[in-house]
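Chains as they are written, first to last, in the working numbering: chain X, 1 to 225; chain S, 1001 to 1263.
Please keep in mind that the hints were generated in silico from the structure rather than gathered at the bench. A virtual CB, placed ideally from N, CA and C, is assigned to each residue, including glycine. Keep in mind that a hint or two might mislead.
As the list claims (entries may be wrong) - Here are the simulated EDC-like cross-link-like pairs (lysine to aspartate or glutamate), alpha carbons at most 20 Å apart as the crow flies: (1) K1011/S - E127/X; (2) K1137/S - D1176/S; (3) K1011/S - D124/X; (4) K1171/S - D1246/S; (5) K1243/S - D1253/S.
What the hints assert, rightly or not - Using C-beta positions, here's what the derived DEER-type ranges look like: (6) L1025/S - V170/X: 34 to 40 Å; (7) G1197/S - V19/X: 17 to 23 Å; (8) L1218/S - L178/X: 57 to 63 Å; (9) L1025/S - A131/X: 55 to 61 Å; (10) A25/X - S1210/S: 37 to 43 Å.
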Amino acid sequence: MNVTQDLSILHLILQASAVVQVVMALLAGISFMSWYYIFMKWFSVRQARNKTETFERDFWSGGDLNNMYNSAVNDRHHAGSMERIFEAGFREFTKLKGQKNLDPKDIVDGSRRAMRATYQREMDALESHLAFLASVGSVSPYIGLFGTVWGIMHAFRGLSNVGQATLASVAPGIAEALVATAIGLFAAIPAVLAYNRFAHDIDRLATRYESFMEEFSNILQRQMR
Amino acid sequence: MILDKPDEPGKKYALAFTLLVHVGLVAALFLGVQWKRSQPQVMEVELWSAQPSQATYVPPPPPPPEPVVQPEPKPIPKVEPKPDPLPAHKPDIVVKEEKKKPEPKKPEPKPEPKKVEPPKPEVKPPPKFDFDKELAKETNQLKSSAKATASAQHMANAAAAEAEQRASSNKRGLADYASKIRGKVRGNIVLPPSLQGNPEAIFAVDQLPSGEVLDVRLKRSSGNPALDNAIERAIRKSSPLPKPDDPAMFRRDLEIKYKPFEE
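Here chain X stands alone, though its shape is the one from the complex (with noise of 0.2 Å):
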């Protein structure tokens, strides 16, 4: 048997079995799409950060609320999280205070539902894609594992063939397989990596929402009066 002189990429990749070649196949449309989501991901997040903080801004400089309740409804598309949670907890403020024979207390507690109902909506929408950027972390190894393992098993079959058992007709088996863990271990770094940043930010983005919702609602308490 002679050894293969030319170990690039390439011929790596174009030598390996076809369960490998399927596998490596498999682990590079993955991280294609986990790079896909980080990167969007990391634009969304960071997005609903910035708007959050001019929201945050605007609403604490002490402007009048009906103003900054127009402004949210006719800028709909712009709006941030926060301001969507503002939005509806609002409207229904002004609904319900529009009806007269009701508790001050059930007012404030119907806005505070509108809002928690507004918040699930944006979180969840916040968290799309994360589970996806998870299990590409935790499970792609093991499909580049699979993948050499294979890749192994085929080398050591094509070895007893041989007479003479040498390293050199078992290494560049040895190599080809090993490329599928090293495509494997590329998608779940930075996946992992992602979703550990991304799942911090969004929790403090929904300790913010969630602290606003309170404040706000002690604000519509005292317009009861």
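Add chain S to chain X, keeping to what the hints say.
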């Protein structure tokens, strides 16, 4: 309450960055993982029944010209001793070099020509018998002086000399290495009884840096399968192959030529 969900921001940017990352990865892989094994220089080790070093070491004969010069210097026997101190150092090197080269039989051939030639001057001017000894001394001095002049010339173009020395030591190291391997393999060979003629077989041998034989491939058969097998067995049996004195001399690929008898 239906809120139209705003678009996820920067989908296009995300796609572009993703492509960028993967193109970068692929480029890094292609450029970084070039495990191209350059075909290393093949060292040839020829196996002969007898040491071929003598045959290769024909150059020494040039010294013989010296005796021809002998007749002239006779009148100046006492002027020459002066160069002695200098030669005393330089001949050392020359002697060492000669020692390193495996030529135990050369000293013998040299004296003979000298003996043949001295008689000629003796016939022409039949001097005293004591002169024989003096002659011998003179010849020695002459030799050393000739070497001294030669080394002086070497000193003159020192750089060239150094280069030559390096080259020669390199060659010598290679020859040493080859002869080591040759010796070890030859010690392990068992020649098949039915050997006719003097067929040559060529083997390509891969070795590890430790000298362990990885693979032996028959490059050109000798035409006698039994002999081929015997040689291959011998090469494998001498498995850790001797290492060269200079690690730089090491080659992973050896080409071993084997001829059962010297031509």
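We went through each hint and held it up to the structure:
1. This hinted pair checks out: K1011/S and E127/X have alpha carbons roughly 16 Å apart, not beyond 20 Å.
2. Taking the CA atoms of K1137/S and D1176/S, the gap is about 34 Å. The hint is violated against a cut of 20 Å.
3. In summary, the hint linking K1011/S to D124/X is supported, as the alpha carbons are separated by about 18 Å, within the 20 Å threshold.
4. Straight-line distance between C-alpha atoms of K1171/S and D1246/S comes to about 11 Å, which keeps the hinted pair within the 20 Å bound.
5. About 13 Å separates the Cα atoms of K1243/S and D1253/S, which keeps this hinted pair within 20 Å; it holds.
6. Checked against the hint of 34 to 40 Å, the C-beta distance between L1025/S and V170/X comes to roughly 27 Å, which is inconsistent with it.
7. Checked against the hint of 17 to 23 Å, the pair G1197/S and V19/X fails, with Cβ atoms roughly 54 Å apart.
8. For the pair L1218/S and L178/X, the supplied restraint of 57 to 63 Å is violated, since their beta-carbon distance comes to about 32 Å.
9. The hint said 55 to 61 Å for the Cβ distance between L1025/S and A131/X, and at roughly 24 Å that hint is violated.
10. Checked against the given bound of 37 to 43 Å, the beta carbons of A25/X and S1210/S, roughly 40 Å apart, stay inside it.
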